[in-house]
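Number of protein chains: 2
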Amino acid sequence: MTDMAERFSSNPIITPSDIKPSADGLVVTCAFNPGAFEFDNKIGLVLRIAERNPAIDGYVESLSITEDGHIQSEIFAKNDSRVTIPDSRSFIVDGIEHLTTISHFRLAWSEDGENFTVEDKPVLQGSSTYEALGVEDTRVTQIDGTYYLTYTAVSHNGYGVGLQSTTDWKEFTKLGLIFPPFNKDAALFSEKINGKFQILHRPTGTGIGGPFIWSATSPDLIHWGNHSCIATTRPGMWDSARIGAGSAPIKTEEGWLELYHGAEVLPGGHKYRMGALLLDLDDPTKVIARSHDPIMEPTAPYEVEGFYGNVVFSNGQVVRADDVLLYYGAADSFTCGARLSIKEILNSLKS
Amino acid sequence: MTDMAERFSSNPIITPSDIKPSADGLVVTCAFNPGAFEFDNKIGLVLRIAERNPAIDGYVESLSITEDGHIQSEIFAKNDSRVTIPDSRSFIVDGIEHLTTISHFRLAWSEDGENFTVEDKPVLQGSSTYEALGVEDTRVTQIDGTYYLTYTAVSHNGYGVGLQSTTDWKEFTKLGLIFPPFNKDAALFSEKINGKFQILHRPTGTGIGGPFIWSATSPDLIHWGNHSCIATTRPGMWDSARIGAGSAPIKTEEGWLELYHGAEVLPGGHKYRMGALLLDLDDPTKVIARSHDPIMEPTAPYEVEGFYGNVVFSNGQVVRADDVLLYYGAADSFTCGARLSIKEILNSLKS
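For the record, the sequence lines run as chains A and X.
All residue numbers for the first sequence refer to numbering that gives the first Met the number 0, where the first residue is 0 and numbers rise by one.
All residue numbers for the second sequence refer to numbering that gives the first Met the number 0, where the first residue is 0 and numbers rise by one.
Derived from the structure by calculation, the hints contain no laboratory data.
Watch out, some of these pointers could steer you wrong.
Stated by the list, open to error - In silico DSBU-like pairs for lysine-lysine, Cα to Cα no more than 35 angstroms straight-line:
{"id": "1", "chain 1": "X", "residue 1": "K270", "chain 2": "A", "residue 2": "K77"}
{"id": "2", "chain 1": "X", "residue 1": "K41", "chain 2": "X", "residue 2": "K173"}
{"id": "3", "chain 1": "X", "residue 1": "K270", "chain 2": "A", "residue 2": "K195"}
{"id": "4", "chain 1": "X", "residue 1": "K173", "chain 2": "X", "residue 2": "K191"}
{"id": "5", "chain 1": "A", "residue 1": "K191", "chain 2": "X", "residue 2": "K191"}
{"id": "6", "chain 1": "X", "residue 1": "K77", "chain 2": "A", "residue 2": "K270"}
{"id": "7", "chain 1": "A", "residue 1": "K191", "chain 2": "A", "residue 2": "K169"}
{"id": "8", "chain 1": "A", "residue 1": "K77", "chain 2": "A", "residue 2": "K270"}
{"id": "9", "chain 1": "X", "residue 1": "K285", "chain 2": "A", "residue 2": "K169"}
{"id": "10", "chain 1": "X", "residue 1": "K195", "chain 2": "A", "residue 2": "K285"}
{"id": "11", "chain 1": "X", "residue 1": "K19", "chain 2": "A", "residue 2": "K173"}
{"id": "12", "chain 1": "A", "residue 1": "K195", "chain 2": "X", "residue 2": "K285"}
{"id": "13", "chain 1": "A", "residue 1": "K19", "chain 2": "A", "residue 2": "K191"}
{"id": "14", "chain 1": "X", "residue 1": "K195", "chain 2": "A", "residue 2": "K191"}
{"id": "15", "chain 1": "X", "residue 1": "K173", "chain 2": "A", "residue 2": "K191"}
{"id": "16", "chain 1": "A", "residue 1": "K195", "chain 2": "X", "residue 2": "K173"}
{"id": "17", "chain 1": "A", "residue 1": "K342", "chain 2": "A", "residue 2": "K195"}
{"id": "18", "chain 1": "A", "residue 1": "K173", "chain 2": "A", "residue 2": "K120"}
{"id": "19", "chain 1": "A", "residue 1": "K285", "chain 2": "X", "residue 2": "K173"}
{"id": "20", "chain 1": "X", "residue 1": "K77", "chain 2": "X", "residue 2": "K19"}
{"id": "21", "chain 1": "X", "residue 1": "K169", "chain 2": "A", "residue 2": "K285"}
{"id": "22", "chain 1": "X", "residue 1": "K349", "chain 2": "X", "residue 2": "K285"}
{"id": "23", "chain 1": "A", "residue 1": "K120", "chain 2": "A", "residue 2": "K285"}
{"id": "24", "chain 1": "X", "residue 1": "K195", "chain 2": "X", "residue 2": "K19"}
{"id": "25", "chain 1": "A", "residue 1": "K250", "chain 2": "A", "residue 2": "K191"}
{"id": "26", "chain 1": "A", "residue 1": "K195", "chain 2": "A", "residue 2": "K41"}
{"id": "27", "chain 1": "X", "residue 1": "K173", "chain 2": "A", "residue 2": "K250"}
{"id": "28", "chain 1": "A", "residue 1": "K173", "chain 2": "A", "residue 2": "K270"}
{"id": "29", "chain 1": "X", "residue 1": "K77", "chain 2": "X", "residue 2": "K349"}
{"id": "30", "chain 1": "A", "residue 1": "K173", "chain 2": "X", "residue 2": "K169"}
If we strip away everything but chain A, and leave its shape as in the complex, we get (with noise of 0.2 angstroms):
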């Protein structure tokens, strides 16, 4: 057991029930995922909450959102020969995936770090043709008073990377998609490296290659380029069908600590688990250590059963002198926090 995680024993601190749906009758079954920061001395988490309309027997259906911002939903009958049913977050329509649900971000606020009130309406919705399908799974990264929010935006044509940048948390800044699809788990750098921004990525495809760790550099937030890959899968381990990026790296004497999730496909499904990377501080690019066994993995209960279980997922953290106070999502369901010691990672990547 290599599990350093010291969990919340308040945990899970946030739940579907606490959340208030974003329009009547939706219904909420997932607030998971968040993003992490600190502001104006309290903690906020960008919660990815996950939406549908009320179940109906033998149906399943996908919601969508139109160009002027109402949502729309398509309804299959689960006999339906056309319908396939791969696991709960998707169904298959003659080749075409839906989403089960629809997601947003929500923000909470905390003053220890533990106990969060969480807003009553989305900080953010999708948007855009780009957002048809929803928003997902923000990292949270501050540069210089600025924070920008690395997200999912999911639409018809795949699911890319969306950019967008607030100083105050009401007003927000579009910049863009940054990564075509298919793309998710971008986390930025706080800072730049050799006079460029630099960013973690993970494009998925088929084929040659995989759902690996890339890293790109920019002069401007914007526009991306110098893509390099940093980290594969491992056949045989924990991480052996699919790795990402958590948040920001953590700038330690050592090198730049990535905490990164990886999943292994099990006859059950996918298990999630997290492990970390030290990356070289002049040259991120270069991986000094990575984790052999996992740091974190899905035991307790909200982690093990839930809408999609056997899911430890992080996309924010706060870091508090050796302390790194890891949010996370569980069993794709709950909002969950731990302590771990950056010394204690540090030292497991020695080993």
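Position chain X against the provided structure of chain A, taking the given hints into account.
Same frame as chain A, now just chain X:
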């Protein structure tokens, strides 16, 4: 029959037997998918030359380039239970795709656009981690006296888009991987639009979305953003399975004319045809018109039969007044040429 391509009577104009292998012992299997350009009063082609070792009965083999520039080989028995062989282009071992050939670029020169002399040696070969499995299908765009090559860089990490520049076709400058996997078919516009460079590209993945044509912009050709989907596949039509840009869009009074390829899945495999897109001059993300029927399809014997039959695929053209001299790969084997009238294509887009 909507095919409006007047094929060269000498087609195929270049075949594998015209090509000297890049190293002793290698066999040239394909000489196809050329980029095209004008230089020094000549027409130049950047041929994609695919090579392999001599076939051994009962075995499949893939080649790759090591970091020090040597070619290494992996051989598997066809009856190995781990091996599956979807078609002539690739085989799969334990879920990992291997290519049966490795490609480099070779220059060919012509005074009349129809009779070409092929150089004896490669002009560019895979030469970095991102090209360990070769370089393929370059588009050439001339901007202010510099030629830019956007090409598919193939490696174990997937296929992305590499960029190199040259002014003399002898010395080349590498400008990095401009699009990470899984991306190809990148065609750069020949001038800035609203102060930015503009490009078409084709990401591929699984799930929601598909192999569609996207646009992006750049301040410096190296870093790209503002990704935007401009055309999707069309169910039930000749371009239902995948689409991708040809070479640099042609500036006409009515808009940017882009000749693109579309594939359809038929019982024997994919069939690749060519069509046209007309894009707004000031905002090329706006599609003014798109071919209902293909403007060219595989009909000649050299297009129907070959390494991978039923393919016409162009990534190179030279414009002379109203004529497009279209250079194209036929059946993934040969280089061919055809003449199309810009007026006739534009008229076909009005009906």
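Check whether the Cα positions of K250 (chain A) and K191 (chain A) lie no farther apart than 35 angstroms. The given pair, whose Cα atoms are some 12 angstroms apart, holds under the 35 angstroms limit.
So if I understand the rule, the pair passes when the alpha-carbon distance is 35 angstroms or less; does K19 (chain X) with K173 (chain A) pass? violated (53 angstroms)
Does K173 (chain X) sit within 35 angstroms of K195 (chain A), going by the straight-line distance between their CA atoms? holds (18 angstroms)
Need the status of pair K191 (chain A), K169 (chain A): alpha-carbon distance at most 35 angstroms? holds (26 angstroms)
Against the 35 angstroms threshold, does the CA-CA distance of K77 (chain A) and K270 (chain A) hold or violate the hint? holds (26 angstroms)
For the pair supplied as a hint, K120 (chain A) and K285 (chain A), confirm whether the alpha-carbon distance does not exceed 35 angstroms. Violated, at about 42 angstroms.
What's the verdict on K173 (chain A) and K120 (chain A), does the C-alpha distance respect the 35 angstroms limit or exceed it? Holds, because 20 angstroms separates the two Cα atoms, which is no more than 35 angstroms.
Need the status of pair K195 (chain A), K41 (chain A): alpha-carbon distance at most 35 angstroms? holds (30 angstroms)
Take the C-alpha atoms of K173 (chain A) and K270 (chain A), compute the straight-line distance between them, and say whether it is at most 35 angstroms. holds (34 angstroms)
Is the straight-line distance between the alpha-carbon of K195 (chain X) and that of K19 (chain X) 35 angstroms or less? violated (41 angstroms)
35 angstroms limit on alpha-carbon distance, applied to hinted pair K191 (chain A) and K191 (chain X): Satisfied, since the Cα-Cα distance of roughly 28 angstroms is no more than 35 angstroms.
Distance restraint between K173 (chain X) and K191 (chain A), which requires alpha-carbon spacing of 35 angstroms or less: holds (23 angstroms)
Hint check: violations occur at hints 3, 11, 13, 23, 24, 29, 30; the rest are consistent with the structure.
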